[in-house]
Amino acid sequence: MKWRCLVAAVLSLAILSPAVALGPDEVLSDPALEARARSLSKELRCMVCQNQSIDDSDAPLARDLRILVRERLQAGESDQQVINFLVARYGEFVLLRPRFSWHTALLWLAPAAVLLIGACGVLVLARRYRASSERATAEREKLTPAEAARLSEILRQGEQ
Amino acid sequence: MIAEFGHYALVLALALALVQASVPMVGARTNDPVLMAVAGPTAVAQFCFIAIAFAALTMCYVRSDFSVVNVFENSHSAKPLIYKLSGVWGNHEGSMLLWVLILSLFGALVALFGGNLPARLKANVLAVQSSIAVAFVLFILVTSNPFLRIPEPPLEGRDLNPILQDPGLAIHPPLLYLGYVGLSISFSFAIAALIDGRIDAAWARWVRPWTLLAWMFLTLGIAMGSYWAYYTLGWGGWWFWDPVENASFMPWLAATALLHSALVMEKRDALKVWTILLAILAFSLSLIGTFLVRSGVLTSVHAFATDPTRGVFILAILLLFIGGSLALFALRAPLLKQGGLFAPISREGALVLNNLFLVSACATVFVGTLYPLALEALTDEKISVGAPFFNATFAPLFVPLLIAMPFGPLLAWKRGDLLGVAQRLVGAAGIAVIAVAVIFAMEGGGPLLVPFAIGLAFYVMAGALTEIVERTGLLRVPFETAFARARGLPRSAWGATFAHFGLGITLLGIIGETQWSLERIAELKPGQSMSIRRYDLHFDGVTTRQGPNYRELAAHFTVRRHGDFVGVMEPAKRSFPSRGTATTETALMTRGFSQLYLSLGDPNPDGSLAVRLYYKPLVLLIWFGAVVMVIGGALSLSDRRLRVGAPKPARSKAALSPAE
Numbered sequence: 001m002k003w004r005c006l007v008a009a010v011l012s013l014a015i016l017s018p019a020v021a022l023g024p025d026e027v028l029s030d031p032a033l034e035a036r037a038r039s040l041s042k043e044l045r046c047m048v049c050q051n052q053s054i055d056d057s058d059a060p061l062a063r064d065l066r067i068l069v070r071e072r073l074q075a076g077e078s079d080q081q082v083i084n085f086l087v088a089r090y091g092e093f094v095l096l097r098p099r100f101s102w103h104t105a106l107l108w109l110a111p112a113a114v115l116l117i118g119a120c121g122v123l124v125l126a127r128r129y130r131a132s133s134e135r136a137t138a139e140r141e142k143l144t145p146a147e148a149a150r151l152s153e154i155l156r157q158g159e160q
Numbered sequence: 161m162i163a164e165f166g167h168y169a170l171v172l173a174l175a176l177a178l179v180q181a182s183v184p185m186v187g188a189r190t191n192d193p194v195l196m197a198v199a200g201p202t203a204v205a206q207f208c209f210i211a212i213a214f215a216a217l218t219m220c221y222v223r224s225d226f227s228v229v230n231v232f233e234n235s236h237s238a239k240p241l242i243y244k245l246s247g248v249w250g251n252h253e254g255s256m257l258l259w260v261l262i263l264s265l266f267g268a269l270v271a272l273f274g275g276n277l278p279a280r281l282k283a284n285v286l287a288v289q290s291s292i293a294v295a296f297v298l299f300i301l302v303t304s305n306p307f308l309r310i311p312e313p314p315l316e317g318r319d320l321n322p323i324l325q326d327p328g329l330a331i332h333p334p335l336l337y338l339g340y341v342g343l344s345i346s347f348s349f350a351i352a353a354l355i356d357g358r359i360d361a362a363w364a365r366w367v368r369p370w371t372l373l374a375w376m377f378l379t380l381g382i383a384m385g386s387y388w389a390y391y392t393l394g395w396g397g398w399w400f401w402d403p404v405e406n407a408s409f410m411p412w413l414a415a416t417a418l419l420h421s422a423l424v425m426e427k428r429d430a431l432k433v434w435t436i437l438l439a440i441l442a443f444s445l446s447l448i449g450t451f452l453v454r455s456g457v458l459t460s461v462h463a464f465a466t467d468p469t470r471g472v473f474i475l476a477i478l479l480l481f482i483g484g485s486l487a488l489f490a491l492r493a494p495l496l497k498q499g500g501l502f503a504p505i506s507r508e509g510a511l512v513l514n515n516l517f518l519v520s521a522c523a524t525v526f527v528g529t530l531y532p533l534a535l536e537a538l539t540d541e542k543i544s545v546g547a548p549f550f551n552a553t554f555a556p557l558f559v560p561l562l563i564a565m566p567f568g569p570l571l572a573w574k575r576g577d578l579l580g581v582a583q584r585l586v587g588a589a590g591i592a593v594i595a596v597a598v599i600f601a602m603e604g605g606g607p608l609l610v611p612f613a614i615g616l617a618f619y620v621m622a623g624a625l626t627e628i629v630e631r632t633g634l635l636r637v638p639f640e641t642a643f644a645r646a647r648g649l650p651r652s653a654w655g656a657t658f659a660h661f662g663l664g665i666t667l668l669g670i671i672g673e674t675q676w677s678l679e680r681i682a683e684l685k686p687g688q689s690m691s692i693r694r695y696d697l698h699f700d701g702v703t704t705r706q707g708p709n710y711r712e713l714a715a716h717f718t719v720r721r722h723g724d725f726v727g728v729m730e731p732a733k734r735s736f737p738s739r740g741t742a743t744t745e746t747a748l749m750t751r752g753f754s755q756l757y758l759s760l761g762d763p764n765p766d767g768s769l770a771v772r773l774y775y776k777p778l779v780l781l782i783w784f785g786a787v788v789m790v791i792g793g794a795l796s797l798s799d800r801r802l803r804v805g806a807p808k809p810a811r812s813k814a815a816l817s818p819a820e
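Protein chains in written order, with our numbering: chain A, 1 to 160; chain B, 161 to 820.
Calculated from the structure, these hints are not laboratory results. Built from N, CA and C at the ideal position, the CB exists for glycine as well. Just so you know, not all the hints are guaranteed correct.
[Stated by the list, open to error] So the derived list for chain A, only partly shown, Cβ under 10 Å to chain B, looks like this:
#, residue
1, Q52
2, D56
3, L106
4, A112
5, L115
6, R130
Using the sequences plus the hints, can you model the full thing?
Listed below in structure tokens is the structure:
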């Protein structure tokens, strides 16, 4: 989280820039462009931090990336173009939401797969279960030979 | 001497744990009551010896005995006493000692309060519980001994990481561990049942209070950690989907599912095998969490250990217990007798649906947390799985669960009437529709999702209250009658209502904070002002202060609303010379359930100060909701039917429930 980068920054004696995640000097004057920059920043990882977006990070690298994103947006690039540029430069690691591809298929499909498999499991088990308990009930209603003998005994006594 | 004393006590505890893990189990197999009876006193003695070891380490910290490596590395003589105490578990070795202390505490509690458990079950439970203790005490003694000495002791310690010197973090780990480790009891019960090959509804009644207790602590611990992150990290985030957070969230999801499935098992004698599996999974996830945090696999806030030998040792423990328990499960589960007929539209059907979604959500977090690690290990490819992924996958799984939630308690056992329940929820749905309309009118455009999310939160809250309102006849009969009926309702009904209502409150807080937060970033010089919503903050100036072990630069702000004085806010930056590090102390001002949040950057050479100001609407509801959930748990726990160790249902339930 935030302080880890702070600690890293202090240790590397690189604490020259203001240690606020998004500095006032970085904010763009165009609010629409700034909003796009913010939402893009939240999707991009500060690579020297643990699980932290460049929007939240104090690290100098995150600051550089934030400025880079804003520069490219100002140059008229689309969100996708900016992302493509960063992935080309830093690899998939920079994305906090991995792209869907063969090596992330398992990751993206897991939630739906677990839910589906679970639902099928419940249905199958419920069906099998009902069948077996119906059989058990039928079984229970059938008399054993001993019980049948006892019943006919009782009936015979009743007749007498 | 004190450190050696503690070390020796820990070795004795290991010996006792070995006895407790073996003798009672032999007794249970040979049906020898004397051998089985060994379990109880040994469990209590084991707890006492681990407590002595823990007390010894605490003494070393209090007396700042820097001849002990652990104290030298994590303490400082100038540190306030509370952080000397919390420093005991603010490091790897000490926190593992706290882990086994709580593990043995739960064992001792079962020994003391489990008087009415069948002897065989009790012996097996305590033996399994102790086998976990053997593994972890051995782990401490072999790889993470907190009692090691330095031959030539230094004069001063290196101090605790300043970020951990905070009251929130003083109580967060014990709460979390009480939850984490508390799940070991349900695990031990599950394994004991598998060893015995027998399980019935009474088993569920014994397990539920322990699970509930662990769940309450886990809920509090997670909420506490979240609030700590919120006010410490300086930009107001309260949940990061960090692997360490996920490590505690996964057991919470599993424990929540377990609480609900144990309910089915207790009432309907069904879902036995599934409940056993959930009990195993919940604690396995705790172990995986311990592994993730303690092995240094992830280098993050809570990870203090980086030595790979520890990682390998914990991994071995993990494989032994998870693999062993699942193997035992595969062998024995088919022997367990299932019972109870099942209709899809019924209370138990709703609880199965709950389990399905909770387990899927848990699996999502699990895959998301471990996938990057696995991918890197297998292919050397590095990817990141962060908050955007979890938000995109977790929400679609939780929304159906929240929609279905109010139906559950209103459906009858065995055969429910879905249409009837839907009619009874019309009131709740009406409240939700009003909320949607009001928010929509207020927002006047904006994303459509927001009014509907708020509506969902109100629906969840109103839906939770529906059962109580109906059973007391609140809107139909005089208030006194309703009040008398409310008092007569079983506490577990109140518990469910509170817990579900609390979730609605948390949801409202989450939506409010994420959708309506305002942010101002500025560079201010003394005398300048900034405003947010209807508040004006005037920057009066900075002062420097000397704390016990830090120097502080505090900025003074006067807050006014429409020109009226509201209060002052004093955010600060602290620098700790002992470690050469700095922390940001945010200033919070609570207004109803909302907060003003102010944090500082570094001062610029021209005398101006970088400042971040937030208005966080409804943010306190996030944690307030968690507290309400815990109150629900406590109410449920106090229900006589579930009272810890209660062997039988309440004598007369008819007398307790109101005439309808």
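Tested hints:
1. Q52: Since the shortest Cβ distance to chain B is 8 Å, the answer is holds.
2. D56: Check passed: Cβ of A/D56 comes within 6 Å of chain B, closer than 10 Å.
3. L106: Hint holds; A/L106 Cβ to chain B Cβ min 7 Å, cut 10 Å.
4. A112: 8 Å, holds
5. L115: 4 Å, holds
6. R130: At about 7 Å, which falls below the 10 Å cut-off, the nearest Cβ of chain B leaves the hint on A/R130 intact, so it holds.
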